[in-house]
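Here the protein sequences come in this chain order: A and B.
Under the numbering used here, the first residue of the first sequence is numbered 1, with each subsequent residue one higher.
Under the numbering used here, the first residue of the second sequence is numbered 1001, with each subsequent residue one higher.
Mixed in with the good hints there might be a few duds.
Using 20 Å as the maximum straight-line C-alpha spacing, the simulated EDC-like pairs for lysine to aspartate or glutamate come out as follows [as the list claims (entries may be wrong)]:
1) K1100/B x E79/A
2) K1036/B x E62/A
3) K1100/B x E102/A
4) K1070/B x D1083/B
5) K1100/B x E1/A
6) K1051/B x E102/A
7) K1112/B x E70/A
8) K1057/B x E102/A
Bear in mind the hints are in silico, worked out from the structure with no lab data behind them.
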Amino acid sequence: EAQVTQNPRYLITVTGKKLTVTCSQNMNHEYMSWYRQDPGLGLRQIYYSMNVEVTDKGDVPEGYKVSRKEKRNFPLILESPSPNQTSLYFCASSLTTGVPGEQYFGPGTRLTVT
Amino acid sequence: GQQVMQIPQYQHVQEGEDFTTYCNSSTTLSNIQWYKQRPGGHPVFLIQLVKSGEVKKQKRLTFQFGEAKKNSSLHITATQTTDVGTYFCAGPSSYAAGNKLTFGGGTRVLVKP
């Protein structure tokens, strides 16, 4: 089954404790992306990747890191989480090799930073 | 940077009625995409429009891309309870470097039976 998986689905952590949210897709997609969703703000892109070893900032990259060592995986790293990073996070992938098109979203990771 | 606005933010609809939600970008878009997110779920792709003035239909849903490729609309006829959810538009800017994808804030649809 074609899908995007994220782990963990729920995470409660404390300020400053490094964490990684994993994302994997089995569709051989080129484009992968991370979004955060906050009430009233819609989905905001954090980082995206056009291909292996190619990453770029979205609209809200501060406080986040990503890597794309393999085509299928695109982990999101919070080196020193803060309470304002409490949010619902979605990973997504897209077949496109150019302008981003149809996004396939993962189930989401609900992160709480205390 | 590019901004995408959606109105209304909330839409309360009587079952059986029609409604329209609008999407406006501050910059010209290469394409416009629409997604639906059910409560507690993840966004699911509905459709993509690419050409200026393009109109596409999916059963009771009609999507339109403006002539200037800066705005779009989603019209739903004969609303059903299954239409409940938040509808997002999204698009990459034609002018911005890179391949960012900017989403609107969404229109949350509530249906009164």
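Sort out which numbered hints this structure fails and list those numbers smallest first. Hints 1, 2, 4, 5 and 7 not satisfied by this model.
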